[in-house]
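Peer 1: Residues per chain are reported as follows:
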Amino acid sequence: MLANTAPQTTNPLSTVINPNLRFLEEVSGATAGISRLEMCIQCGTCGGSCPSSTDMEYTPRSIFAMLRAGLREEVLSSNTPWICVSCYHCVVRCPQEVHIPDVMYTLKSMAIRAKLYKDATAPDFSMTFVDMVETYGRSFELGLATRHYLKHFPLRLPSMAPMGLGLLSKQRMEITPHRIEGINQLKAILQLAKELEAIE
Amino acid sequence: MTSYLFYPGCSMETSAKAYYESLIAVKKTLGLDLVEIDDWNCCGATEYLGINLIPAYALISRNLALATQQANGSRTVVAPCSACYLNLAKADHYMLERPELGEKVNLALQAGNLFYKPGSLEIRHLLDILINDVGLEEIKSKVKKPLRGIKVAPYLGCMVPRPDYKKRWSDHEHPDELDRLLSALGAEAIDFPLKTHCCGGHMPQISPSTAFELIRRLLHGADLYEADLLVTVCPMCQMNLDAFQAETNRYFHTNYKIPIIFFTQLMGLAFGEDPKELGFGRELVSTEFALSRIGLEIPEPDGSKVQPKRAKKTGLPMPTMPADEEAHK
Ligand code: SF4
Ligand code: SF4
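As they're listed, the protein sequences go chains A and B.
Going by my numbering, the first sequence opens with residue 14, and the numbers climb by one from there.
Going by my numbering, the second sequence opens with residue 411, and the numbers climb by one from there.
Isolated chain A (complex conformation) (with noise of 0.2 Å):
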């Protein structure tokens, strides 16, 4: 993981002084850029600007002072990086330029790996998704959707069943999937870079 790769962060917090923050500097290791999840001032900015907040168990603001607090089961079973819809509100309005939902993509992974969602609708609808693209470098709405609601809503599907109708009569899902050309070539790269996490 990138983690242990020479941290780059934004702020040299010792964990010799604080043994909880361990967990803070974890996350914002294995963030895709600079986190800048040290920088967090708990000013609430986040919260107060997210439109799904009202559905998570904690804000993103509550969150980061948890992460700080070194409280891993805590944060990792919560529900609040699910919840996130991935809107960028609290980007472009956190003082603190906090990479707020790439660090709810790192807390999902690593909720994933430790086994530690609660419900698993939201995992699975990620793993099945990745599943058909490293299957065929494209995704497939019509297997997706099928295998997802068969087993997470079947309740919903009857009503639902006119707008799939719908979909496939005005051709706006396909029956079949495409499978690209260098399908080889991807799993070779996907393989690789799997492997490149493993790291430690």
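Be careful, since some hints might not be right.
As the list claims (entries may be wrong) - What follows is a list of derived Cβ distance ranges for each label pair:
| no. | chain 1 | residue 1 | chain 2 | residue 2 | range |
| --- | --- | --- | --- | --- | --- |
| 1 | B | Gln-479 | A | Arg-192 | 18 to 24 Å |
| 2 | A | Arg-35 | B | Pro-509 | 23 to 29 Å |
| 3 | B | Asp-543 | A | Leu-129 | 45 to 51 Å |
In short, the hints are calculated from the structure, not lab data.
Note that this is a predicted model, so its numbers are computed, not measured.
All C-beta atoms, glycine included, are put in the ideal place defined by N, C-alpha and C.
Following the hints, put chain B with the ligands in place on chain A, whose structure we already have.
Peer 2: This is chain B with the ligands only, laid out in the frame that chain A set:
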């Protein structure tokens, strides 16, 4: 003709076919030469990033590497889908910001004999190209049938104006580019306060009540302003507001019937193209009333009479799953 590298993205071939068809119909008039990146793959949408970091960025970067190989003259990649646009831009941006990320991604790309030098391409959204390269004056000069009499809510969604790594938009929350484009076409663009609010993203599949509330807010807003229709630049926004409008109505006991179409479809109408060539009729919430305001009728899309066979249990035709396919090898 200005040449661009073109990354269509998965939905342009399926759920957002109308976007693709209308783009093809207007690109000539606009002098755009869009060279599709050969054998591009899915960008991973908002799903892969939340699973595995390096594979997610390697998946995106295979497209950037292919684009660089194909770049002859043009270094600009155009994406019409907001999520694709952001993913491509994000990968490029973060690999520059955090060189170790770029190094690892390139190690992975080596397995496919590919390489991408972060920062070597410009990643731009289609609307940005139309506004800033083609220009509103040029667009205005091509208008044959001004869209007078129609009230449109310009709806951009999230991922085009935000996070906006290259500071290309007039504002992150209330940009006016799409409004100005609509005015150039002769339509009345309402000052839509929710123009960059979220459509729910993938939430209809994960937390339906969260999604329905976000969809409801947008429909309610458009209704308050008496918009005849919403116009979007994003396949996911179109899908959520169009395909899930009925379910949202059932959930809240409302009765909204607000059509949502792609901005390229309206451009085509203003340029005098046949609505059939522009993908009209593919939307689930009918545009019939909205278009009648400008004296147009909507066609039935080809093949709409063919009813797919019903599968026994669910009422939905069953696709082949990767697992089944592997098992039958
Ligand atoms: S807006 Fe930024 S600084 Fe304020 S609480 Fe949220 S992450 Fe921290
Ligand atoms: S990006 Fe996520 S956390 Fe930030 S405002 Fe949007 S939904 Fe909330």
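Peer 1: Please go over all the hints and tell whether each is borne out by the structure.
Peer 2: For each hint, the structure was consulted:
1. B:Gln-479 with A:Arg-192: 18 to 24 Å: Taking Cβ atoms as reference, Gln-479 (chain B) and Arg-192 (chain A) lie about 21 Å apart, which means the hint holds.
2. A:Arg-35 with B:Pro-509: 23 to 29 Å: About 24 Å separates the Cβ atoms of Arg-35 (chain A) and Pro-509 (chain B), which means 23 to 29 Å holds.
3. B:Asp-543 with A:Leu-129: 45 to 51 Å: holds, 47 Å
Of the numbered hints stated above, none is contradicted by the structure.
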